[in-house]
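Heads up, the sequence shown is in our numbering, so the first residue is 36 and it goes up one at a time.
No wet-lab data here; the hints were simulated from the structure. Don't take every hint at face value.
With beta-carbon atoms standing in for the labels, derived distance ranges [stated by the list, open to error]:
1. Lys109 - His130: 17 to 27 angstroms
2. Trp52 - Val82: 17 to 27 angstroms
3. Ala41 - Gly108: 30 to 40 angstroms
4. Gly74 - Tyr44: 29 to 39 angstroms
Glycine residues also receive a C-beta, built at the ideal position from the N, C-alpha and C atoms.
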Amino acid sequence: MLPPSAKLYLASALYNWCLDRGLTPYVSAKVQGARVPRGYDQDGVIVLNLGPEATNRFAFEPDGISFQARFGGKVFDVWLPAENIIAIYARETGHGIALPDEMFTAPEPDGEPTPPEGPEEKPAKGFLRVVK
């Protein structure tokens with residue numbers, strides 16, 4: 036299984052990609068377990084502008100994203116746990132990446148590689164086969 040922070044590495048990469056290209060990074064996240072203002076979500080999901088103009092004290096932390104933003108003219112401390120992130124994308128183009136939980140919950144391998152299925156040919160070292 037990928038470490039829980041893998042979502043944040045991917046989100047951080049897309050965030051920086053947006054900023055490098057002059058685009059506005061947006062995140063879609065589940066509100067349950069997050070610290071977000073009430074009433075700004077739709078069906079338990081909130082979409083937030085992560086651009087430097089919209090946030091203060093923005094940080095990718097080891098287990099989530101934190102920043103301050105204004106909602107209805109009031110400053111609010113936002114906390115998005117890594118597992119709540121659904122997608123991060125550029126507002127202007129829609130280009131980005133979806134980060135569904137299923138990508139990060141694969142079972143741990145048992146430590147023993149599984150030999151490939153197919154012809155009875157002896158697999159090469161590491162269970163790779165030469166295909167002709």
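> Checking against the hints above, which ones are violated?
Replying inline: 1
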